[in-house]
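Chains as they are written, first to last, in my numbering: chain Z, 240 to 377; chain X, 240 to 377; chain F, 240 to 377; chain G, 240 to 377.
No lab work stands behind these hints, which were simulated from the structure alone.
A quick note: this is a predicted structure, and the numbers were derived from the prediction, not measured.
One should not assume that every hint holds.
The list treats identical chains as interchangeable, and a pair is accepted whether it falls inside one copy or across any two copies.
Stated by the list, open to error - When the alpha-carbon atoms are kept at most 20 Å apart in a straight line, the in silico SDA-like pairs for lysine to any residue are as follows:
#, residue 1, residue 2
1, 305, 376
2, 305, 337
3, 305, 285
4, 305, 265
5, 305, 253
6, 305, 317
7, 305, 371
8, 305, 287
9, 305, 274
10, 305, 343
11, 305, 367
12, 305, 357
13, 305, 288
14, 305, 252
15, 305, 344
16, 305, 255
17, 305, 370
18, 305, 254
19, 305, 271
Number of protein chains: 4
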Amino acid sequence: MTGQPVAPQQCEITFRVRYAETDPMGVLHHSRYFVFFEMGRTELLRQAGFRYRDLEIRGVLFVVFKAACQYRQPAHYDDELRLVTRIDRVTRSRIDHSYELVRVEDGRLICTAQTTLACVGRDGQVIAIPEDVAPHLP
Amino acid sequence: MTGQPVAPQQCEITFRVRYAETDPMGVLHHSRYFVFFEMGRTELLRQAGFRYRDLEIRGVLFVVFKAACQYRQPAHYDDELRLVTRIDRVTRSRIDHSYELVRVEDGRLICTAQTTLACVGRDGQVIAIPEDVAPHLP
Amino acid sequence: MTGQPVAPQQCEITFRVRYAETDPMGVLHHSRYFVFFEMGRTELLRQAGFRYRDLEIRGVLFVVFKAACQYRQPAHYDDELRLVTRIDRVTRSRIDHSYELVRVEDGRLICTAQTTLACVGRDGQVIAIPEDVAPHLP
Amino acid sequence: MTGQPVAPQQCEITFRVRYAETDPMGVLHHSRYFVFFEMGRTELLRQAGFRYRDLEIRGVLFVVFKAACQYRQPAHYDDELRLVTRIDRVTRSRIDHSYELVRVEDGRLICTAQTTLACVGRDGQVIAIPEDVAPHLP
Numbered sequence: 240m241t242g243q244p245v246a247p248q249q250c251e252i253t254f255r256v257r258y259a260e261t262d263p264m265g266v267l268h269h270s271r272y273f274v275f276f277e278m279g280r281t282e283l284l285r286q287a288g289f290r291y292r293d294l295e296i297r298g299v300l301f302v303v304f305k306a307a308c309q310y311r312q313p314a315h316y317d318d319e320l321r322l323v324t325r326i327d328r329v330t331r332s333r334i335d336h337s338y339e340l341v342r343v344e345d346g347r348l349i350c351t352a353q354t355t356l357a358c359v360g361r362d363g364q365v366i367a368i369p370e371d372v373a374p375h376l377p
Numbered sequence: 240m241t242g243q244p245v246a247p248q249q250c251e252i253t254f255r256v257r258y259a260e261t262d263p264m265g266v267l268h269h270s271r272y273f274v275f276f277e278m279g280r281t282e283l284l285r286q287a288g289f290r291y292r293d294l295e296i297r298g299v300l301f302v303v304f305k306a307a308c309q310y311r312q313p314a315h316y317d318d319e320l321r322l323v324t325r326i327d328r329v330t331r332s333r334i335d336h337s338y339e340l341v342r343v344e345d346g347r348l349i350c351t352a353q354t355t356l357a358c359v360g361r362d363g364q365v366i367a368i369p370e371d372v373a374p375h376l377p
Numbered sequence: 240m241t242g243q244p245v246a247p248q249q250c251e252i253t254f255r256v257r258y259a260e261t262d263p264m265g266v267l268h269h270s271r272y273f274v275f276f277e278m279g280r281t282e283l284l285r286q287a288g289f290r291y292r293d294l295e296i297r298g299v300l301f302v303v304f305k306a307a308c309q310y311r312q313p314a315h316y317d318d319e320l321r322l323v324t325r326i327d328r329v330t331r332s333r334i335d336h337s338y339e340l341v342r343v344e345d346g347r348l349i350c351t352a353q354t355t356l357a358c359v360g361r362d363g364q365v366i367a368i369p370e371d372v373a374p375h376l377p
Numbered sequence: 240m241t242g243q244p245v246a247p248q249q250c251e252i253t254f255r256v257r258y259a260e261t262d263p264m265g266v267l268h269h270s271r272y273f274v275f276f277e278m279g280r281t282e283l284l285r286q287a288g289f290r291y292r293d294l295e296i297r298g299v300l301f302v303v304f305k306a307a308c309q310y311r312q313p314a315h316y317d318d319e320l321r322l323v324t325r326i327d328r329v330t331r332s333r334i335d336h337s338y339e340l341v342r343v344e345d346g347r348l349i350c351t352a353q354t355t356l357a358c359v360g361r362d363g364q365v366i367a368i369p370e371d372v373a374p375h376l377p
């Protein structure tokens, strides 16, 4: 019965597409989605009681090792979007997240995505996720 | 006579990492790579005699349908990078590209990546790649 | 009784600095501020009952003609910032805005800034601000 | 002996506008110009024999203190632009630059701009420009 999640396994954030994020087709540029995913990870970590900036000060960095995105529908300037960020898997030094981005107005799925982060020290070498952080990553 | 490539199957571009493209870890932000891949596709198309902006005026748009990147080494501000962009496969309405990004100074592989583009009209509906363009996409 | 503002003369938005917006010095890159100012203008217009995207569809575009920013204090990743956007002056075809950006946590002034927008048609030629919009710009 | 410039007083760089840098109006977003100005400063410093990244390692940082831009003509995706960066004035701890951005194809002036940088240490406090650097800043 133990093993209940001690931290939220997912979090939602909502935000509007900025003008500067859209391209001449009038749609959110495909590179910008990865910035949103990073915002999702920041909030998920904050819900677990950690601030990424504090981890960085301790010399605990998470670097993106792999990223993939499947684009379903274009998003436009000023669209309100909702991003769900989930932790799928945690190993000794890696975290897999997955993402679903939806337009609030019509509920349409904008994209799905997956990333793998590696935990590294200041020198860029892979290290174990610290013991006080790991339990909060379900 | 048969089967010679009528268009370059790959192209190389070199450029320097801009300060504004790097993050607090001092490295090229993972979202920026996708902007470079787009630059590579633009140049590959230019070598084949087309300008993407002219295609857009004709109502022929290429949208990113899938993208994936595997990050191997960090790149830093002011690093000179060389990007090789290749066309891997062309179907009626899609193009698969792959990418290799290398640091010029030490030849180290920074990342590999793959994208799938879909050809769409102004209304966003998938269309066949136009007949004058397709033969130039090997 | 005369002279009540028929539209909000200023608006406030709050947001967090994104990781991808900061540079190797760990601070918000100076180019990013202009994206925030644009967000402020969008919200100010929305409060007046207009959506910039709807104006664009009508062929009414606002382009930045002049911009200036005075940076006082650096802002860091994950800082919560509050931006106040004001309309300072409206002429036949131009709007002057001013901005104050403050860190929520300690109330410190991050920057002040000013922009002048020109109202243009689809062809880029300066036009008068439309009659239904102008009264809402105090 | 008298008055020869000991360092280039200006430098030119040319580059193409990237797709991701343009907005739904199809033009270079006004925030992006400041990234180009930074590229110009980096090259001007390189011509004087310094790499900004090396200065940063020494703890000598240049932060933007003021910036202003006057936009004359829009620039479009894939336009080849030429940026001239000049040093206008150097004081104990500040450098004033000015910029002219021109489209190569038709020679039209895209914008003029000015920035003031302050030299700061790692703690953000203003310091004198180091003695080995200052003489190379005319």
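Checked hints:
In the homo-oligomer, the alpha carbons of residue 305 and residue 376 lie at most 20 Å apart inside one protomer (19 Å), although the nearest pairing across protomers, at 28 Å, exceeds that limit. Taking CA atoms no more than 20 Å apart as the test, residue 305 paired with residue 337 passes in both settings, with 12 Å inside one copy and 15 Å between copies. In this assembly of identical chains, residue 305 and residue 285 lie within 20 Å of each other by CA distance neither inside one copy nor across copies; the values are 22 Å within and 30 Å between. When the C-alpha separation of residue 305 and residue 265 is checked against a cutoff of 20 Å, the pair qualifies only between copies, where the shortest distance is 19 Å, while the shortest distance within a copy is 28 Å.
Taking identical chains as interchangeable, the C-alpha atoms of residue 305 and residue 253 are never at most 20 Å apart, the minima being 24 Å within one chain and 23 Å between chains. Taking the shortest Cα distances, residue 305 and residue 317 never come within 20 Å of each other, neither inside one copy (29 Å) nor across copies (23 Å). Proximity of residue 305 to residue 371 under the C-alpha cut-off of 20 Å is found in neither arrangement, the shortest distances being 25 Å within a copy and 36 Å between copies. Taking the shortest Cα distances, residue 305 and residue 287 never come within 20 Å of each other, neither inside one copy (23 Å) nor across copies (31 Å).
Both within a single protomer and between protomers do residue 305 and residue 274 lie at most 20 Å apart by alpha-carbon distance, with minima of 14 Å and 16 Å respectively. In this assembly of identical chains, residue 305 and residue 343 lie within 20 Å of each other by CA distance neither inside one copy nor across copies; the values are 28 Å within and 22 Å between. Taking CA atoms no more than 20 Å apart as the test, residue 305 paired with residue 367 passes inside one copy only; the shortest distance there is 18 Å, against 31 Å between copies. Taking identical chains as interchangeable, the C-alpha atoms of residue 305 and residue 357 lie at most 20 Å apart only when both belong to the same chain, with a minimum of 9 Å there against 23 Å between chains.
In this homomeric assembly, residue 305 and residue 288 never come within 20 Å of each other (Cα to Cα): the closest approach is 25 Å inside a single copy and 34 Å across copies. Neither within a single protomer nor between protomers do residue 305 and residue 252 lie at most 20 Å apart by alpha-carbon distance, with minima of 22 Å and 23 Å respectively. Taking the closest pair of Cα atoms, residue 305 and residue 344 never come within 20 Å of each other, the shortest separation being 31 Å inside a single copy and 24 Å across copies. Taking the shortest Cα distances, residue 305 and residue 255 never come within 20 Å of each other, neither inside one copy (26 Å) nor across copies (23 Å).
Taking CA atoms no more than 20 Å apart as the test, residue 305 paired with residue 370 passes in neither setting, with 24 Å inside one copy and 36 Å between copies. Neither within a single protomer nor between protomers do residue 305 and residue 254 lie at most 20 Å apart by alpha-carbon distance, with minima of 25 Å and 23 Å respectively. For the homomeric pair residue 305 and residue 271, the shortest alpha-carbon distances inside one copy (16 Å) and between copies (14 Å) are both at most 20 Å.
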